[in-house]
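Engineer: Read off the chains here:
Number of protein chains: 2
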Amino acid sequence: MRMGKGVEAALHCCLVMHWLDGRPVTSAQLAEFFDLPPAYLQKTLRALVADGLAEAVRGQSGGFTLARSGASISLMDVVAAVEGREPAFHCEEIRLAGRSGTLGPRSGQCAIAHAMNRAELTYRAALAAQSIADLADQTGPGVRARTIAALT
Amino acid sequence: MRMGKGVEAALHCCLVMHWLDGRPVTSAQLAEFFDLPPAYLQKTLRALVADGLAEAVRGQSGGFTLARSGASISLMDVVAAVEGREPAFHCEEIRLAGRSGTLGPRSGQCAIAHAMNRAELTYRAALAAQSIADLADQTGPGVRARTIAALT
Ligand code: FES
Ligand code: FES
Chain A
1 MRMGKGVEAA LHCCLVMHWL DGRPVTSAQL AEFFDLPPAY LQKTLRALVA
51 DGLAEAVRGQ SGGFTLARSG ASISLMDVVA AVEGREPAFH CEEIRLAGRS
101 GTLGPRSGQC AIAHAMNRAE LTYRAALAAQ SIADLADQTG PGVRARTIAA
151 LT
Chain B
1 MRMGKGVEAA LHCCLVMHWL DGRPVTSAQL AEFFDLPPAY LQKTLRALVA
51 DGLAEAVRGQ SGGFTLARSG ASISLMDVVA AVEGREPAFH CEEIRLAGRS
101 GTLGPRSGQC AIAHAMNRAE LTYRAALAAQ SIADLADQTG PGVRARTIAA
151 LT
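In order, the protein sequence lines correspond to chains A and B.
Numbering-wise (my numbering), the first sequence opens with residue 1 and increments by one.
Numbering-wise (my numbering), the second sequence opens with residue 1 and increments by one.
These aren't lab readings, by the way, just hints derived from the structure by calculation.
Errors might be hidden in some of the hints.
Each pair of labels, with its calculated beta carbon distance range [said to hold, decoys possible]:
{"no.": "1", "chain 1": "A", "residue 1": "D137", "chain 2": "B", "residue 2": "L121", "range": "16 to 22 angstroms"}
{"no.": "2", "chain 1": "A", "residue 1": "H90", "chain 2": "B", "residue 2": "G108", "range": "51 to 57 angstroms"}
{"no.": "3", "chain 1": "A", "residue 1": "D35", "chain 2": "B", "residue 2": "S107", "range": "20 to 26 angstroms"}
{"no.": "4", "chain 1": "A", "residue 1": "G98", "chain 2": "B", "residue 2": "T102", "range": "55 to 61 angstroms"}
{"no.": "5", "chain 1": "A", "residue 1": "G108", "chain 2": "B", "residue 2": "A71", "range": "21 to 27 angstroms"}
{"no.": "6", "chain 1": "A", "residue 1": "L96", "chain 2": "B", "residue 2": "E55", "range": "46 to 52 angstroms"}
{"no.": "7", "chain 1": "A", "residue 1": "Q138", "chain 2": "B", "residue 2": "A67", "range": "38 to 44 angstroms"}
{"no.": "8", "chain 1": "B", "residue 1": "A56", "chain 2": "A", "residue 2": "G104", "range": "28 to 34 angstroms"}
{"no.": "9", "chain 1": "A", "residue 1": "P141", "chain 2": "B", "residue 2": "E86", "range": "16 to 22 angstroms"}
{"no.": "10", "chain 1": "B", "residue 1": "G62", "chain 2": "A", "residue 2": "G108", "range": "31 to 37 angstroms"}
{"no.": "11", "chain 1": "B", "residue 1": "A67", "chain 2": "A", "residue 2": "D137", "range": "42 to 48 angstroms"}
{"no.": "12", "chain 1": "A", "residue 1": "A129", "chain 2": "B", "residue 2": "R146", "range": "40 to 46 angstroms"}
{"no.": "13", "chain 1": "B", "residue 1": "S61", "chain 2": "A", "residue 2": "A128", "range": "18 to 24 angstroms"}
{"no.": "14", "chain 1": "A", "residue 1": "R85", "chain 2": "B", "residue 2": "G140", "range": "40 to 46 angstroms"}
Glycine included, each C-beta is placed from N, C-alpha and C at the ideal position.
Sequences are here, hints too, so could you generate the full structure?
Structural biologist: Written as structure tokens, this is what we have:
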């Protein structure tokens, strides 16, 4: 079970946009900043836009900004935008396949699926409980100041 | 972020082996029982054996059994055996790449990596807190009895 690399890039871009506080940053700037392929970063930013986390500002000094406050964007929002909302564990009801499926009626959800989904919910809740603004608070002020200086 | 289908199969096989309580079941029986490709199921069972969760009993009435009690095998054990122990979120230290990497020293772990890892730990803890025996307790006794009858 792996998340794509896009999650790390997306979270760092959100942190940068949070710090830039409404000043647009281009995907080319972000690509250079993190030494990532421009097309890759563009795809990541488009995923954030599609989910209403970032927005594209058009025009000469255009670029991307957060679409809402960093305090209202959770890690879960970013993971869902980049990785989708499918659960990691997907029950295909194998208990109802083959000979197992002939063993008579089952009441309710499979205990295995239930347990796996419940565990996954704790994960999602932990990701939802932390915001981009929280991450910013946990990062040294020097890094913040130097990031802003490098990108404006 | 997706787990492979092998996790569902592995968990159901562990539940069956727990119910069979030491009586070996062959991978061909399990494949038929769940209507899964035999080679696929064999690979899944081998992963359980490799991690010390199941063992292969040789001989005429051989097959697979759990290698230890179902109460001592957690969902996390099974997920780790099938999916590996790599964290879902893998930090590639992109903060140290490109221009970002030139912005001066960073103290400690990246706040993003720390937050992602902490959330994932809650997931692993929730998976580790539930055992195969717990799942068995949550499954109707009729299913247990009919499964044993079908496979012995
Ligand atoms: S039938 Fe899917 S997890 Fe049990
Ligand atoms: S450098 Fe990897 S998550 Fe921040």
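Engineer: Let me make sure I understand: some of the numbered hints might not hold for this structure. Which ones are they, in numerical order?
Structural biologist: 2, 6, 9, 13, 14
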